[in-house]
Each structure stands twice: as C-alpha cells, then as structure tokens.
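Once you've looked at the hints, dock chain B against the given chain A.
Listed here are the chains, written in short residue letters.
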Amino acid sequence: MSIKYGLLALLSDADAYGYQLRSRFESATGSVWPLNIGQVYTTLARLDRDGLIEGIGTDGDGRAMYRLTNAGRTELSGWWDTPVAHADRPRDELAIKIALAITTPGVDATAILQTQRRETIRHLQDLTRVKRQSDPDDLSWRLVAESLIFAAEAEVRWLDHCEASLVRHGRTRKTKPGNTSGAADGDSVKDPQATEGTTR
Amino acid sequence: MSIEAGKHRPPEHTGQVLVLRDVVRVHGSGDAEVRALDGLTISIAAGEFVAVMGPSGSGKSTLLHLAGGLDTPTSGTVRVEGTDVGALSVSGRAALRRRHIGYVFQDFNLIPTLTAAENVALPRELDGTGRKAARTEAMAALAELEVQDLADRFPDEMSGGQQQRTAIARAIIGKRRLLLADEPTGALDSHTGEAVLEVLRGRADAGSAVVLVTHDARFAAWADRVIFLRDGTVIDTAGVDSAEELLAHSR
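So the sequence lines, in the order shown, correspond to chains A and B. Take 24 as the starting number for the first sequence in our numbering and just add one per residue. Take 405 as the starting number for the second sequence in our numbering and just add one per residue.
Chain A with its partners taken away, still in its complex shape:
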C-alpha cells in the first residue's frame, strides 16, 4: 500500500498535521496497516518537496499543517483513475516458497501446504471474529476486513489445489513405466504420497 496516495487522499478532504493523518488513515482502514509516525513525516516531506502538498504554517499548538496543491490533486485523481496493477504488488512469498519446496529434494511440500493451510484458516477465523464484532454501520472498515477475508479464502482454495495437484502428479509418475527422470526430482514428487500414507 502506498502511503503517499493515502496521505494525498486524506488531505483532499481536509488540511491536517502529521499525527492527524496517521489516525485518520488507521480509522479508515481499521488499523489493518498501522503507520509509523516517522513514515508519515518522511512521506510528507517528500510530497512537499515534489510540490504535491504545501505547508500552511502551524496550528495553535505549533503543529505543522499541510494542504493539497493543484499538482497534488491531479496526481491523486490519476491514482483513483488507474487500476492497481499486479506488477505493483510485492512478490508473493508463499507461491515462491511452494514452488521451491516442490523442486528442492528432501522437502515435504505436502507438509508445508498443510501447515500453511492451518495458519491461513486460523487467520480467517480471527478476521471473521473481528468482523462479527465490528460496527455493522462502519462500511469502510467492513469492506477492508472482507477484502482480507476473501483473499485468505482464495489462498485456502489455492493451497487445496496445490495439494490435489501434487497427489495427482505423484500418481501419474508412479504409474508411468520407464520414467527416467532424475532421482532428486522423483524424491520430492513421492513425498506427498509418503506423507499421506503416514497420516492414516
């Protein structure tokens, strides 16, 4: 999540000082992504330098107030108008981990999938509980929670799919006579079968 656009969006609503921006950001997103106040000040300084916001002096308590400039407004509307590209999201550590688990000899990919699924279900239970306890009228926060819930659900589906694919892949390999693939490769493929056997 880009703090830059978050701050611009908040400043388009009202002039504010750093600490206010942090609490408004967190209340809009249900404190799912807590902001470090240092990050807020660094980002404000950069936005000021780039002419997207400007300082308008201090309030009664001596806190530096900022407002959005016209350039900032243009930058912000560009953000609203542009869909979030997949390439802009961080690398998916889980997908990389599973891919490596399958190709690394001696690693039990099925065990990794099951451990991950337990963790993701636990996370989903936490999110569900938090959502049930939240104010039903707080739409903004509810939609953030649901975004996380749907993402976790998709992850469980993908983990199920990985597990089924591993089993199917293992079976295909086993029934194919004259399979001369490398031993290292064969080890990792046989693992899910072995694990499945021991859980009976």
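Read the hints as simulated data drawn from the structure, not as lab findings. Heads up, none of these hints are tricks.
Looking from chain B toward chain A, a few residues come up when the C-beta cut is under 8 Å (computed):
#1 A621
#2 R622
#3 W626
Covered by chain B, according to a simulated footprint, are these stretches of chain A (three or more residues, beta-carbon under 8 Å):
#4 143-154
#5 170-177
#6 180-192
Predicted model, so just to flag it, every value in this text is computed and none were measured. All C-beta atoms in this analysis are idealised placements derived from N, C-alpha and C, irrespective of residue type, glycine included.
Chain B alone, transformed into the frame defined by chain A:
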C-alpha cells in the same frame, strides 16, 4: 493426525454429543468396493461448531449420513447423545433423528404443500406431540430464527434465505442438540449465506453441537475447528489452538 489424537477425549464424556470411533463405511464389494470412510475418529462436544472440508469423494457426505442416523457403519461406532446408532433398528434410528438430530440441506428440503409453521411442526407431530403444542413449538422456533411473520407462507412464497431459516427452525425444534448442515449456503448469495452462518454460530454458542460441511473456507472460518478429509480419513485439523480463545471472545 497427532493433533486429533492429542485432543481426543473419551467418548463417555457427557459433553460429547457426537462421537465417531474407528468408523469404516464400505460401499459395494470386490472390484467395485469403495471405502467412503476409512477409520475415522472424531468427537464433537455440546457448544462446539465444527466445519468439515474436503474434495468430492473425500467422505463428507458419508460422515453426515452416519452422524444423522441415515446410514450405519461397516465397522466402528457412531454415538449420538451416548446412543450407539448402529445398534438401533430402522425405526429406532428414525426416532433418534426426530428427537436428537436436526438436518439442514443445501436445497432446504421443505415440503412445498405445507406452510412454514407446518413444515417446522412436522417432526414434533411425527413424534407424537399434539397438533396445537407442535404449532406453539414451531412458532417459537420460527421466532428464534426471526421468521415468525412468515409462519403461514408456503415455501415458494419465500426467498432462499427465508426458506433456509425455516429449514433451520425445523432442524432445531424439540431441543435437539445435534445440528448437521450439508452445504447450507450453497444456494444462497454471499450476504444471505453469512446470515445463515450467524444462525449456526448462535446455535453452537447456545449449546448445540454443530457440524457444517462446506467447500467454502470463508464459511468454515466461523467454526471453532476445521477438519480436512481426504479419502475417508482426517488429514488435518485447523483452529484447535484458538478454540479456547474463541470461547473467551464469544462470551
């Protein structure tokens, strides 16, 4: 799985509403033999909400049929409220179902020629309760599901969500403590499905044992414990560690 074994409580425990022990269910014989359940052991306590997930053919439906007294195991035991289901006659199992087990289906299974109240009252009437008393109980069950205003409507005059609430009212009438739900959200949109989960969660919090079969992790996450089935056996269990925490939060 060691997690299951570690949490295993003796089936004699009075709090256990449903106990399956070493259950095997074989359909067919010879080359056509299918082991739908292959040594399944689970127990579900009063007040506990358990979700069962697994691909088609993993044994989910067989598990529900056995728990619901619609079928008996090839070997092993199934106990509902302490009663060995396999030792009962066909009529004994029917009586057990009417008194102790509520079943909720994906397609509601309401009788189209009966009103909501008549559908809900039916299991009580079949069990010998007088018509008037059964109607009073049905109205109370409908009120609990907040659909008492629809008591005199026929199923085709209600939305999917309203029909499912009526079906759940039918499943809980008569103080039955075992509630079995087979994909109850399958025919409902996301919001209505969630409202059904709210109801099931509420039943568990009120002391029922609830078993939910679902494909949907989002709905399974309402449960205290999520069991994963593959090839007729439990391969994994999630949510066990947070069960106590969940209880603490739900008070």
